[in-house]
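Participant: So you can see what is in the structure, the chains are spelled out below.
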Amino acid sequence: MEKFLIEIFNLIPFVAFLCFPLLKLKSKGVLAFGILSIQVILSAIVAFNAFSGGGIQYTYPGSWITGIIPVRIDALSAWFILVIGFTFVTGAWYGIQYMKKYIDQKDNLSFHIIAYLLAYTAMVDICIVQNGLVFLIFWEIMALSSFMLIIFEHYKAETLKAGINFLIQSHVSILFLTVAFLLTKINTGTFDFAAIADYTYRQPAIIGIGLFVFFFFGFAIKAGFVPFHTWLPLAHPAAPAHISGVMSGVIIKIGIYGILRVLLLIKSDMISIGYFILTVSVITGVYGVMLAILQHNLKRLLAYHSIENIGIIGIGIGLGTIGIGYNNTFLIVTGFAGALLHTLNHSLFKSLLFFTAGNVYQATHSMMIDRLGGLIKKIPHTAYLFLIGSLAICGLPPFNGFVSEFFIYSGLIDSLLSHHFLFIMFILFIILGLVIIGGLALICFTKAFGIVFLGTPREKHEMSFDENRMNMAPLYLIAFLILIIGVFPILLSPLLSKAVDLYLPNYSLMAAMQLSSILHNLTTVGWYSLGFIALIAVVYSIRHLVTSKRQITIGDTWGCGYTGYPTKMQYTASSFIRTYRKLADPVLLVKKKKKEAIGLYPLWITQETHAQDKLEKWLIDKPIYLLRKTLKRFTFLQNGNIQAYILYGFIFIGLTVLLPVIIDKIIALVNFLNQL
Amino acid sequence: MVSLILILIASFLIMGIISRTKSIASGRKGPGIFQPMKDIFRLWRKGSIYSKTTSFLFQLAPTIYLSSVLMAILMIPFGEKPGIVSFSGDFVMFAYLLAIGKFMMIVSSLDTGSSFEGMGASREALFSMLVEPAFFILMGSLALFTGNTSFHSIFSALHYGSYVSYLLSALVTFLFVLIAMIENSRMPVDDPKTHLELTMVHEVMILDNSGFDLGLIMYTTNLKFALYGALIANFFIGSLPLFLSIPLFFLIQTGFAVSVGVLESFNARFRMSHNPEFIFMLTSLSILVFFGVLLILGKFF
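If you read the protein sequences in the order shown, they are chains A and B. Residue 206 in this note's numbering is what sits at position 206 of the first sequence, and the numbering runs on without skipping anything. Residue 97 in this note's numbering is what sits at position 97 of the second sequence, and the numbering runs on without skipping anything.
There could be a bad hint or two in this list.
Covered stretches of chain A (in silico footprint by chain B; criterion: 3 or more residues with CB under 8 Å from a CB of chain B, positions within the stretch not fixed) [unchecked claim]:
hint, region
1, 46 to 53
2, 72 to 78
3, 343 to 352
4, 544 to 551
5, 607 to 620
Restricting the straight-line Cα-Cα distance to at most 27 Å, the calculated cross-link-like pairs of lysine-lysine (BS3-like) are [claimed, not checked]:
hint, chain 1, residue 1, chain 2, residue 2
6, A, 568, B, 52
7, A, 549, B, 299
8, A, 377, B, 52
9, A, 378, B, 193
10, A, 591, A, 161
11, A, 591, A, 568
DEER-style ranges, computed between Cβ atoms [to be verified]:
hint, chain 1, residue 1, chain 2, residue 2, range
12, A, 213, B, 291, 46 to 54 Å
13, B, 291, A, 197, 55 to 63 Å
14, A, 530, B, 251, 31 to 39 Å
15, A, 618, B, 291, 31 to 39 Å
For the record, the hints were derived by calculation from the structure and aren't laboratory data. No experiment lies behind these values; they were computed from the predicted model shown. For each residue, glycine too, the CB sits at the ideal point set by N, CA and C.
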């Protein structure tokens, strides 16, 4: 049955594409949304079947190149299928109204719709197929279609540049994955994922670690782990808002899926792998949020926050992996459950934040934080939804971000009680990292929300956006889920425990008890959060009762005697974080341009700050610069002379033909010399 | 339940004791011990002025601030008696609850669009971020020391074996007092009595609050003080019976208030740029505590 559903799932978008030339643009949008919904429903049925039935498995015979193509849908795949489906539906829903202003670019839009459906289909297939080569093909389809999605506004040079950056980095990622899959293929003779487990089990640990590192680099580029994150802050501001939301919500999470999948397969020294993941993750988290604070572009800020959250997810994964190594069920449960839950949570609040940022862009046509302000009066719904997203992303109760961070904290605090000295010290610094991430996120989002939505407008904008029900419905849906997961995390526990079970070596009574104790904790947290909301309601109603009889006066903001127009005197985003910037200056690279006040009557003074990515400069820009410098010496070869090019061709052909012969001769000579 | 009632009682008195100490130390006659609470009650009866720049958020924030601190109080145990809510890892939620109150206050001060309040908000955001690691490491060291992971189980299992552990507990108490001072925006990081907006942190954030809301904020500050006092008291109460522990609780709260008053009377506020260094010092001291605990437990290699 599931096989049939999956086949229909893959087939219907192509049927839709065949109908596309016959339809008008509007009906294309409607059709695509309908198809997407059907696909999501189909995949959800399959996912729930996988959850309840404990996994689905069937095979296609494949060809002589691919070998047998096994399709396995376990709880991990099912979890990701559900997360991806939800984000893509809300993204499409939001996207339909966001793209209305581009209605005259008919061909461009049709292409966009097709790419959207393709990306979704490919991503779900990535989650279920377990054959290396086919996996890579789907991976490539996803990379190309997301490239198309990003460069929707390809007539802007910035967008195209960001898109090409994404395309190149995606292919570097594919390169790593290809090498990893080929290594297993050469050694085992099959592309089946199950072979990885066999192979690494039989080999010494170092080979497993090496293989894992290749996989990790490949997936880390997609997920945005530091130092492979450099495409994210470029691609997110360039893409349309709904694509940014979907990209940050789920496309980067497919990298997380990959890492989780590989961890299920590789049998090696899990402790070293765990330490490795933890180190990378905590650096990712802290570095991401440190740079996020300094950003002036709202979407770029959110992009850096995605990097931070990938770091938090990575901390969960690393903990779980160490748990596998030490055979510590509590760590496995808290680590992996925290990572999986944070994957879901981040996809919810980050898509909400990107969609609301899209509303801000539609209203003001600006993403520069320092030019906005006072939007809470113009677009109140958007403002409050952004606030909910901000609170959730800072991990504050009663929203969902807290629940997943609580999972990870539980694991961390519990591991403090372990007996390995080095492990304790390591955990101490992870806790420090996580706490600093939380604190910095608070600075970042008080800045983002406070400057963009509160106060008075810093520049005049022509407001051209109305919040109607159609626009806001998907956003409210996401916000509702954020709150529900925050208050009743227990609702997700059956699904989570199924997914975490995969990582437990053997399902023991001990594990079941520990799982239930953590879930019990979470229920308490949930009720407690509910109590918090109730208490706010009670205090507020008391306040309302008391103050309704009192006199209310409306006046100006207190200006210390100054009663002029205070808009220009407001704190800006740059001044809000100035002290932080000074503190972080030694670590980060902040370019400052200043025009000093000169003379008795200075006319115009300016100051600009640009936060640059130090790692990007060192690890990407510098090597590329050196490479170009080296290659420049060979530019004489590219002389525009057709005869020379033909000569190169001949030299190449000659070399390819002669090389084996020459090598043969050399070998023969060496053999001859040996015999002497 | 015991701790909630006791903290509520202490919150009525603690600010009065501080100001009384300060007036005695400076040789003034000074207001009575109940004056700060009377001021708050008067504020609760007054009308309000709202800036026309502000939104509904500005009116909601003090409510959330108070609720978050009240919810945090529910977790505080009293010796062997657990708080109303207790679960393992509850101190994480404690810190995050206090953080949501701070978040709302920072945002509400930005809501006024005033340059002064933005300044205060910026400082509050930074300082409260910086102090968080010290709290977590201290709680982590206590968890490590006792082998437990909730407020209640940590404090009820806290007993000191050797002289080193007494030393350690003194250091922890000292650190908690300093953390409480920073969290409540007192000296040496912030001076609540300063008259210049440029040098304020917390006070400048609430310049535009008035009437009932201002009362809520001021009462929340008192509550927060009593909350930290109760945390400190928990280091010493242990398994004492109630008739001994309740007087001890009030003795410690008074001692805490008096020491805050003395500290504020004989100390000058730091220069704003020195504050981060001071708070970093707290973090490094708390790491020292962590090492001390490792040493006591013999977990060093």
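Participant: Taking the earlier hints as the rules, which of them does this structure contradict?
Facilitator: 1, 2, 3, 5, 7, 9, 12, 13
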